[in-house]
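Engineer: Spelled out from the first residue to the last, the chains are:
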Amino acid sequence: MIAEAGLAALWLAAALALLQLAFVWFGLTTDKEDLLQSVRPVAVAQGALTLVAFLLLILLFWQSDMSVALVAANSHSMKPLLYKIAGTWGNHEGSMLLWVTVMGAAGMAVALFERALERRAHMATLGAQAAISMGFYAFLLFASNPFARLNPSPPDGQGLNPLLQDPGLAFHPPTLYLGYVGLSVAFSFAVGALLTGQVNAAFAKAMRPWVLGAWVLLTLGITAGSYWAYYELGWGGWWFWDPVENASLMPWLAATALLHSATVLATRDALRAWTVMLAVVAFSMSMVGTFLVRSGILTSVHAFAVDPTRGTFILILLAIYIGGALALFALRVDSVREGAQFDPVSRETMLVLNNLLLVVILGLVLIGTLYPLLTEAMGYKVSVGPPYFDRIVGPIAIILMIVLAAGPLTRWRRDSAAAVGKRVLIPAGVAVIATLVLAVLAWGRIGVLPFLGLVTAAGVAVASIAPLWKRKLLRTPLFTWGMVIAHLGCAVSLAGMAADSAFTVEKLAAAKPGDVIQTAGWTLRFDAITPIAGDNWTALQADMRAERGGRSTAIHPQARFFTTPPTGTTEAALLTRWDGQLYVVLGQEADQGRWQVRVWWKPFVTLIWLGGILIALGGVLALVGRERRGWIAKFRRREAMAA
Amino acid sequence: MAMKAKHQRLILVVAALVAIIGAGLLAASALKDEAAYFYTPNDAKVKGVEPGRAIRLGGMVVKGSLKRESDGVTIRFDVTDGKATVPARFSGIAPDLFREGSGVVAEGAFDRSGLFVATNLLAKHDERYMPRELEGMTYNETTHKVEDK
Chain A
50 MIAEAGLAAL
60 WLAAALALLQ
70 LAFVWFGLTT
80 DKEDLLQSVR
90 PVAVAQGALT
100 LVAFLLLILL
110 FWQSDMSVAL
120 VAANSHSMKP
130 LLYKIAGTWG
140 NHEGSMLLWV
150 TVMGAAGMAV
160 ALFERALERR
170 AHMATLGAQA
180 AISMGFYAFL
190 LFASNPFARL
200 NPSPPDGQGL
210 NPLLQDPGLA
220 FHPPTLYLGY
230 VGLSVAFSFA
240 VGALLTGQVN
250 AAFAKAMRPW
260 VLGAWVLLTL
270 GITAGSYWAY
280 YELGWGGWWF
290 WDPVENASLM
300 PWLAATALLH
310 SATVLATRDA
320 LRAWTVMLAV
330 VAFSMSMVGT
340 FLVRSGILTS
350 VHAFAVDPTR
360 GTFILILLAI
370 YIGGALALFA
380 LRVDSVREGA
390 QFDPVSRETM
400 LVLNNLLLVV
410 ILGLVLIGTL
420 YPLLTEAMGY
430 KVSVGPPYFD
440 RIVGPIAIIL
450 MIVLAAGPLT
460 RWRRDSAAAV
470 GKRVLIPAGV
480 AVIATLVLAV
490 LAWGRIGVLP
500 FLGLVTAAGV
510 AVASIAPLWK
520 RKLLRTPLFT
530 WGMVIAHLGC
540 AVSLAGMAAD
550 SAFTVEKLAA
560 AKPGDVIQTA
570 GWTLRFDAIT
580 PIAGDNWTAL
590 QADMRAERGG
600 RSTAIHPQAR
610 FFTTPPTGTT
620 EAALLTRWDG
630 QLYVVLGQEA
640 DQGRWQVRVW
650 WKPFVTLIWL
660 GGILIALGGV
670 LALVGRERRG
680 WIAKFRRREA
690 MAA
Chain B
1426 MAMKAKHQRL
1436 ILVVAALVAI
1446 IGAGLLAASA
1456 LKDEAAYFYT
1466 PNDAKVKGVE
1476 PGRAIRLGGM
1486 VVKGSLKRES
1496 DGVTIRFDVT
1506 DGKATVPARF
1516 SGIAPDLFRE
1526 GSGVVAEGAF
1536 DRSGLFVATN
1546 LLAKHDERYM
1556 PRELEGMTYN
1566 ETTHKVEDK
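So the sequences go chain by chain: A and B. Take 50 as the starting number for the first sequence in the working numbering and just add one per residue. Take 1426 as the starting number for the second sequence in the working numbering and just add one per residue.
Hints listed in this document are in silico derivations from the structure and should not be mistaken for laboratory results. Zero decoy hints are in this set.
Now the stretches of chain A that chain B is said to cover, found in silico as 3 or more residues with beta-carbon under 8 angstroms:
no., stretch
1, 411-424
2, 434-446
3, 551-564
4, 627-638
5, 643-651
Idealized CB from N, CA, C, for every residue including glycine.
Work out the full structure: start from the sequences and follow the hints.
Structural biologist: Given below as structure tokens:
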């Protein structure tokens, strides 16, 4: 009965979404106040029903109810509980249900908590949100029903791809989905503002927390995904320009641009049309990302679903929403009044540069990701790989970092080039010193791009904390701290990327127990190979001791074998030190009792993800800092009313 | 000195267009070089790939061609697409599902003698995964015939 109840909840939620859209439409066109009065309760009920449907699906996975097709295809009764539950969204249908659930919950939040927005714009926003939800309900109910039954039911399930049985990955997809959906809310705000002619600072202020929240989650999702690929795939790389990675990077790039232009709109009331356009682009990228991952058009580790009807369905949704939004934009852009003016040398100009560069990178990644699909549709196969992306994205990213350094040191509205030049003098000096030091120490041994990366990172790190210079730190607003920390995070991450590609040492050996491997100041003693067993896997484990500077630590790289489905994975052993990570992989048995062992010493590689966490932390501080002002104001108003 | 309202909007639009067109041109020029990133052995023979250039070579591992060298970490094998065959060498840990008669995408470069030196091998990650460049390619183990749909 649980599955049927879940399906009923889903149908009911879809019906409510239709009702919500109708109420908004007729309420706004005929000015019927009683219709508009009912929009918010309907939005809340719709969100609650999606939550019920999702909880019921989790319950089915928890109980390992194999009569439900989805559970049978993706779960197994012997699987650890965490992965049974994570299995709920580790598949196509479940992840789409998660999508509509988050969307429903977000609609609920917009209905309950949004107060700053003008009422008609608020209603139009909820209408747009309902219109988007309806497309996804239709997709779930007609093309990917998660509650479908199986008759007869099999004795047990087929299991979950072992690569995905990892605590980090259990929470990686939901994090990204939350980010995607957050951008859909920003999109709804933009549509609402366009429809009611309210593209102004209030709109930007209402939209910004959603953009910030979505952006924080995307940042965390990408950081976690990168770290997962790094330790789980056992290749020692942290970014592969895999289309699925690009699918998460593109919305992030758009959200980063939107975040900055929304700040210009909220504080200076400039860049109105541009901000609306970016909101449309950001959500479009979420849709493109979902299409790439969910349509099965890519054959890669992540894209497990192969079913063309679904791809076509998402493509149609994509065309309707993006096409509709662009048409609306074209029709209504005249109603968007000119915003405030600014000088060529000003913070606004810097942020425009930031936006342009981000959009260029986004375009390059998009073309590189879609080009192979287009040519394949035309009948020949090409493959666009890291050489394309590294070569063209790398240099532009470095230019972007330089703008990032100078932007916060430039005044709003109007500044002089000489004054800005004076303020970037110290960071530029640091970059020059870094250049000289690196040139002396490592000239000719490292590539141009890593070299530039390290130098830029040094300069940007100093420039990013410069806005705190001569300020009372405790009285500095929280959102300024947020900006400083996020920008510092970019420098830290860039330093990690550049250090990894510049200084990594790799050693490959065939060794038998008793052998010693030496590389990059480390001594690795290979003691033994032992077989071990886990919940649903067996493994061969190498017992090793890694020594450096008289200190010895035991490490255990493994080669794991899963039975359902039959698959092998490598579990790299990672040893983290302040100055880098030792990365050891156990390979296959060679000959004469020898085993393949691959060892990397990766100086400062952890800075990559530390930077990602700092960026997200900066976003959280900015979010709390901005919102707290609103809370305090609200509290004071309430106090005043009570008195 | 603030610009006239109309001018500022115009400048922003022009800047955006220039950025987007610039991105397009940059992508097109880079793609012209890099789109020829994936080669089958026959492509490599017909088009020619200069030694040292990073490419992806994809095909089937010829049955009986896989040999292990005495250092324990280097393997040699032949890659074929049915029309041409290329000898390849790889030092490292081959993926679990890398085996003879199975599809492989090797990342690396040709050396001067025409040997493909692979720095990375992509094989099937699990039973359902196939490097996308090899989709539709099948290998007949007895006749060594390769068909590409």
